[in-house]
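**Q** Residues per chain, in single letters:
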Amino acid sequence: MDPITQKFIRQLRSITLSDEERASLRAALIDKMSGSSEAQPIPSPWTQFFYARSVQVAFLSFVIVVGYGSAVTLAAENALPGDPLYPVKTRITEPIARLVTPKTLTAQAGFETGLLNERLKEAEALDSEKKLDAPLQQTVREGIRVQSVKAKTVVRDVVEEDSHTDVPDLTEPARGIGTSSVETAIREDQSTAVRSDQEREHEAERALKGVLEKHKRILEKLDLENGKGNEKGKDND
Amino acid sequence: MKDEPLEKDLLAAYDAHADAIFRYCYYKTSERELAQDLTQEVFLKAWSYMQSRQPILNMRAFLYKLSDNLVIDWYRKRKSQSLDALLEQGFEHADTSVRVEEKAEIELALAKLKTLGSDDQKLIVWRFIEDYTPGEIARMLGATENAISVRIHRALKRLRALLQQHT
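First to last, the sequence lines map onto chains A and B.
Going letter by letter, the first sequence gives residues 1 to 237 in the working numbering.
Going letter by letter, the second sequence gives residues 1 to 167 in the working numbering.
Check before you lean on any hint, since a few could be wrong.
Pairs of lysine-lysine, DSBU-like flavour, derived with a Cα cap of 35 Å [unchecked claim]:
{"no.": "1", "chain 1": "A", "residue 1": "Lys7", "chain 2": "B", "residue 2": "Lys114"}
{"no.": "2", "chain 1": "B", "residue 1": "Lys77", "chain 2": "A", "residue 2": "Lys32"}
{"no.": "3", "chain 1": "A", "residue 1": "Lys7", "chain 2": "B", "residue 2": "Lys157"}
Just a few of them, taken from the derived set where beta-carbon distance is under 8 Å, the chain B residues facing chain A [claimed, not checked]:
{"no.": "4", "residue": "Thr39"}
{"no.": "5", "residue": "Glu105"}
{"no.": "6", "residue": "Lys112"}
{"no.": "7", "residue": "Leu113"}
What follows is a set of in silico ranges between Cβ atoms, one per label pair, in the way DEER data are often shown [claimed, not checked]:
{"no.": "8", "chain 1": "A", "residue 1": "Tyr68", "chain 2": "B", "residue 2": "Lys65", "range": "49 to 57 Å"}
{"no.": "9", "chain 1": "B", "residue 1": "Lys65", "chain 2": "A", "residue 2": "Phe62", "range": "27 to 35 Å"}
{"no.": "10", "chain 1": "B", "residue 1": "Ser52", "chain 2": "A", "residue 2": "Ala75", "range": "48 to 56 Å"}
{"no.": "11", "chain 1": "B", "residue 1": "Gly117", "chain 2": "A", "residue 2": "Gly35", "range": "22 to 30 Å"}
{"no.": "12", "chain 1": "B", "residue 1": "Ser52", "chain 2": "A", "residue 2": "Pro95", "range": "24 to 32 Å"}
{"no.": "13", "chain 1": "A", "residue 1": "Gln56", "chain 2": "B", "residue 2": "Gly142", "range": "51 to 59 Å"}
{"no.": "14", "chain 1": "B", "residue 1": "Met59", "chain 2": "A", "residue 2": "Tyr68", "range": "16 to 24 Å"}
{"no.": "15", "chain 1": "B", "residue 1": "Gln164", "chain 2": "A", "residue 2": "Lys32", "range": "14 to 22 Å"}
{"no.": "16", "chain 1": "B", "residue 1": "Lys8", "chain 2": "A", "residue 2": "Phe62", "range": "45 to 53 Å"}
{"no.": "17", "chain 1": "B", "residue 1": "Ser118", "chain 2": "A", "residue 2": "Ala23", "range": "30 to 38 Å"}
If you are wondering where the hints come from, they were derived from the structure by calculation, not from laboratory data.
The beta-carbon is built from N, C-alpha and C at its ideal position, and this holds for glycine as well.
The task is simple: from the sequences and hints, build the whole structure.
**A** The structure is reproduced here in structure tokens:
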């Protein structure tokens, strides 16, 4: 290597820490090492919170209650009258479902009719399993009767509400309206609208009748008169 | 709890490589105090790494890698001040033990080094100042030893030409 380059390299090599600097950095390093070894980790406030016994107990209780509640609710879905979980189904699950059902009469009618269908299915299931003894029959009959009244009431409300809807009388031509082709077309459209409305009126009724027809056999067996909400011979209407 | 073997290992590494790391940081930053701070930071980072019980195969290469990262971080923080601007402004040696003439010569040498390309600077410093072998440099840069030897030769040629210009 030529002298100039050698000198250059030598100059750059001469850059070093002074003894004081080296010692000072070394001491600082030792200080930091011992500090980091002895320092205890600072627990975060969240860690402290979750490690508190009371919080742990509360959290565990919450998990148990929610978990147990969910499991019970799920198990109660298929419960039949006489099962220990049946009251969970009828007194907790179904009232909650009723609460969250939209408040329109049509939706309520659909819900109550569905529930009546459920009561009748339960009765059929018990009957097929030969479990429908006298005391249980009484319970089942009462359940169907109550639900039948609810479904019928709300279906009747739907029908009544629809019949009171302000529908213009389109059966006669309005005053001043002639019989031009345009007017005829308008009247035809309006007539179609009225027919559609009337069909909707009977939809809830048809659904209820369908359910009762479907479970006719069990209704007869339980001496319930086609789900009218009355046992034969009684007149509660 | 104290980990004496690890502490001993780190202090041994410090005694062996502190000057080289300081010099490397100084070349890169041209600020003596900053180079000291970065040197300390390099060894503290190495300490943290050692505490995680991860193996370090080549301590010297590992320390240079940490130095590179820290210097890059420093450059990012000081985007506004380029190295060239710092060189133009000049820099102060905190070490009063260095004679004024020596200081001027070192500054001049550093300024010349900076005029080389980044790769050439690295190769010159590692080969001729830090005494790395071409094989070690090859491993650090992921190249063949032969290729590194050729690149060192070319870098040295460019340095000579540069030094000739200034004399």
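**Q** Hint by hint, which ones does the structure fall short of?
**A** 9, 11, 12, 14 and 15
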